[in-house]
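Turn these sequences into a full structure, and let the hints guide you.
So the protein lines, in turn, are chains A and B.
Mapping of the first sequence onto the numbering used here: residues 26 to 269, in sequence order.
Mapping of the second sequence onto the numbering used here: residues 481 to 540, in sequence order.
It should be emphasised that the hints constitute simulated quantities derived from the structure, not laboratory data.
There's no promise every hint is true.
[Claimed, not checked] Distance windows between CB atoms, simulated:
| hint | chain 1 | residue 1 | chain 2 | residue 2 | range |
| --- | --- | --- | --- | --- | --- |
| 1 | A | Gly46 | B | Val503 | 35 to 41 Å |
| 2 | B | Leu488 | A | Gly250 | 40 to 46 Å |
| 3 | A | Val75 | B | Thr482 | 44 to 50 Å |
| 4 | A | Leu35 | B | Ser510 | 17 to 23 Å |
| 5 | A | Gly86 | B | Val503 | 42 to 48 Å |
| 6 | A | Leu178 | B | Ser510 | 20 to 26 Å |
The C-beta atom is built at its ideal place from N, Cα and C for all residues, glycine as well.
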Amino acid sequence: MSAAVEARGLVLLEQLLRDRGAIRARIAAGRDLAALTRVMVATIAIAMAVVGAALGSYRGGVQIAYAAIKLPLVLLGTAALSAPALTAIGAALGRRARLSADLALVITALAFGALVLVACVPLLMLGRALELPYHRMILATVAIFGLAGVASLRVVVTALAREAAPGCTSAVAGLCIVFALVGGQLAWALRPYLVRPRATDVVFVHEVEGSLFDAIGGALRSAQGIYTRDRAPLPDVDAREVEP
Amino acid sequence: MTLGAIGLGYLALGAVIAIAALVAGRARASDLPFLIVLWPIAAPLVIATRPPDHEPLAAE
Chain A
26 MSAAVEARGL VLLEQLLRDR GAIRARIAAG RDLAALTRVM VATIAIAMAV
76 VGAALGSYRG GVQIAYAAIK LPLVLLGTAA LSAPALTAIG AALGRRARLS
126 ADLALVITAL AFGALVLVAC VPLLMLGRAL ELPYHRMILA TVAIFGLAGV
176 ASLRVVVTAL AREAAPGCTS AVAGLCIVFA LVGGQLAWAL RPYLVRPRAT
226 DVVFVHEVEG SLFDAIGGAL RSAQGIYTRD RAPLPDVDAR EVEP
Chain B
481 MTLGAIGLGY LALGAVIAIA ALVAGRARAS DLPFLIVLWP IAAPLVIATR
531 PPDHEPLAAE
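This is the structure we're talking about:
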């Protein structure tokens, strides 16, 4: 990468953090959207790798690399599959179709969210340093990702509010639904990211066992005290301890 | 169908789009990784917004 290209990328990142109005104006004018999107995709990939490594460090070892590889795949894959929904739903509701600008906007919003997540990495590391229990760590992670999601959504909503075109609100709502469904299922398919420190073996991805919705149903049933298995799986520590 | 098969199909489709764009002069070699890995986003941006290579260069 040449120094000029690198400097332009850093300028775009600075604009994303300090002057999102300039980015919005660039997207609205349709100016060099491919270059903007490339920088934002690289930002998402690097930022999510850092966040993934931080999550993986809760267990440590090879899980750091696994989560650092999978988390960028989840966000970029979800973006690739669901970003066109903003244009499609908007067009169906009477909004002017601007596919390139909408794609650039969604990727820019996700890059902003990824930067918010990176900013929260010290909190994840603090949780690890304090040896926060697994379920509290999960809750902290969900809260941090929720915060980043709201920050991303705000970028999209602010940009579309200036259009004041018919169907904008419904298009954003539709994008959120599609993004949540696709992202939830993709994240579920590529789990785990946060693994208990006591886990002896880690896998890159779990075997396909139903969908996210099956898991949510199972979690709701177990919260009501309805269990379908005798006991939770534990590492085979006891067996190794009794061996001579 | 396994996750690996879906991923390979996704990348293969991206490769076809990237090669077609390159042959048609709508993309540069540097666009290929972007087109292959993220073709649902990259294809509209690179192909639809980039004029054919034969367009004269604008004066700086």
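Would you say the C-beta atoms of A/Gly86 and B/Val503 sit inside 42 to 48 Å of each other?
-> Once the Cβ atoms are compared, 45 Å apart, the range 42 to 48 Å for B/Val503 and A/Gly86 holds.
Take the C-beta atom of A/Gly46 and the C-beta atom of B/Val503, compute their distance, and say whether it sits inside 35 to 41 Å.
-> This hint holds: roughly 40 Å between Cβ atoms.
Is it true that A/Leu35 and B/Ser510 lie within 17 to 23 Å of each other by Cβ?
-> 19 Å Cβ-Cβ, so the 17 to 23 Å window holds.
Starting from the hint 40 to 46 Å, judge whether the C-beta atoms of B/Leu488 and A/Gly250 obey it.
-> holds (43 Å)
Do the Cβ positions of A/Val75 and B/Thr482 conform to the proposed distance bound of 44 to 50 Å?
-> Violated, at about 29 Å.
Is 20 to 26 Å a correct range for the gap between the Cβ atoms of A/Leu178 and B/Ser510?
-> At roughly 32 Å between Cβ atoms, B/Ser510 and A/Leu178 fall outside 20 to 26 Å, so the hint is violated.
Hint compliance for this structure: hints 3 and 6 are broken, all remaining hints hold.
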